[in-house]
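S.K.: I would like the entire structure built from these sequences, with the hints used as guidance.
Protein chains: 2
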Amino acid sequence: MSSLCVLPPECLLQPFTVPQRLMLGPGPSNVPARITAAGAQPILGHLHAETIEIMNQIKSGIQYAFQTQNRVTLAVSGPGHAAMECAIFNSLEHGESVLIAINGIWGERAAEIAERIGAKVNTLVTSAGGYFTNEEIEQALDKYRPVVFFLTHGESSTGVVHPIDGIGDLCHKYNCLFLVDSVAALGGTPICMDEQGIDIMYTGSQKVLNAPPGTAPISFSERACQKIFNRRTKPISYFLDMNLLANYWGCDDKPVRAYHHTGPVTSFYGLRESLAILAETGLENSWKRHKEVAEYFHKGLGEMGLKLFVQDKKARLPTVTTIVAPPGYDWREITGYIMKTYNMEISGGLGPSAGMVRSSWF
Amino acid sequence: MSSLCVLPPECLLQPFTVPQRLMLGPGPSNVPARITAAGAQPILGHLHAETIEIMNQIKSGIQYAFQTQNRVTLAVSGPGHAAMECAIFNSLEHGESVLIAINGIWGERAAEIAERIGAKVNTLVTSAGGYFTNEEIEQALDKYRPVVFFLTHGESSTGVVHPIDGIGDLCHKYNCLFLVDSVAALGGTPICMDEQGIDIMYTGSQKVLNAPPGTAPISFSERACQKIFNRRTKPISYFLDMNLLANYWGCDDKPVRAYHHTGPVTSFYGLRESLAILAETGLENSWKRHKEVAEYFHKGLGEMGLKLFVQDKKARLPTVTTIVAPPGYDWREITGYIMKTYNMEISGGLGPSAGMVRSSWF
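Chains as they are written, first to last, in full-length UniProt numbering: chain A, 1 to 362; chain B, 1 to 362.
Identical chains blur together in the list; that is why a pair holds if it fits in one copy or across any two.
DSS-like mimics (lysine-lysine), calculated; alpha carbons at most 30 Å apart, straight line:
hint, residue 1, residue 2
1, Lys227, Lys120
2, Lys143, Lys234
3, Lys314, Lys291
4, Lys120, Lys234
5, Lys234, Lys254
6, Lys340, Lys254
7, Lys143, Lys314
8, Lys340, Lys299
Hints were generated in silico from the structure; no laboratory data involved.
M.R.: Structure (structure tokens):
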């Protein structure tokens, strides 16, 4: 007879089973067997020589996926939200001005995070499904004189891919860092960090990369490093402090990597393998495939009489398609029916697209 | 011919291999095949009904492992450091007084995190290998009148297990929350959250639980909830905001779980299975086994002429043993030799135990 107050829960004494499901929501995506197998390899220490080699490979893979030579390139030990906080916590100090482009949920979240750390948050807002012209962005940069400009590349809540060309130059003209959230787009549609003058960019492991959620690639340009490594105050988070993370990932000049936190070693295995698959496939092939499949998919939806939320074909995100729920239908009925009948996930809308359905084709 | 600036890295075009290693450092621990197999199950959505059921099972498992009925019990989507920040970010507001017991590296880290958010940090410090009496703790509580008292249960940098009895009552006498870091001890040596009056406690997945690193169980008492859910200001982190996390984990009264962040679904599978193994084994059996194995190990080390760092037998942490490197030896030579010859990890000291070696027996 146990003297413990809390007994072993019955629900844990049952066998563990998980159904096989076709994941066509905006993420997580289905994980290929090769990535799953990598994640199931034996555990190593978070500072073992082999782990450091794997982390170096991940850095190279992110540099390829992001098209950057940035030395400070690594994966945050958490989901995309941790990377968003990492970007904002490190690039902004209390009282500094930030400009956030909001055309869906991700800009709203970035604004909320920046507000929490006491930044002076200015927003540039457009209706759901829209995006911003470079003229609008320049006017706002001129008006607010922010130190950071935040833009979502693939706004998964509306299905819009935002144009990137020229914005980096505008930001630099106004002495501002260009911060891009490419969680839902990276790998599925062209973006070249260095060429497009992006200073900070991050993504998640569970979207186009097809790894399980739990790690988030991020990269900082030399211009960004000049700011983040010369702050007046320490970033609010020790766990996400880039001074410490850059050392842990061997991105600085120090000869030894100090213990910072225990990285999710087996998640790194999966991320490494997902980046290897992208390197083998080739970025341009991946972009091309997503484009072709999205166009094929959109055409088929049109033939079924379904209406896409994003009217402007050029603005359609190839990785996430937003479909207007037909009049008279509740989106919950549609997603519920598809899940129940086909064991297939398509997802309800989020934020401004609530009431619609979303599907992705990674 | 690719027009990309950065070409696919050679290192990613090689096959991925990982050696099998006996992990006897203070963590991560070797992962049993059953937990690895669980983590390799098909991915689900982070808000699918089955995932929510798995999260509910994890809650029950943590309640058992922690010996608590706390409703606000969940796993943070990150390593132990994220849980440490979650505990501190939510329980403290800018300018509030916190008392931190430092007898090794974890108290130091907690102090650094609390300083970053602008808490008034008071410390109670003892030499490495030591611990605090309840009288010393009461004197400090009386002197500093903190709103939170932080204590490390298993100080893995020194190999000390801290006594817990009576401290919760002392904290409550002074209207203070009792916050315990049990990352390196939970499951390996007795601790009962409710009975011992602990208000906030967290651990990591990769220690006694033997799951991969990347998730961190945490729990808040009703008393803690009274404070954290009635703050004047929002916690500094959106990602770690317990108002949002408690909803995501179904710990509040709201009928619907809102999207907060994408949980590391397959890491949850592994955590679920690790908690199931603990439930099947029984906490008391796990405590007993760790105690017996540690005593056997310590006896053998003595017979080899090796000296343990912690003199007081009662204060020895059963999960992490600190051994004084014999005179004339560099600890790096010892750990390096054992790794090279036996493919076995024992670890160098950390913080106050630098220059010693540490081993665990989970």
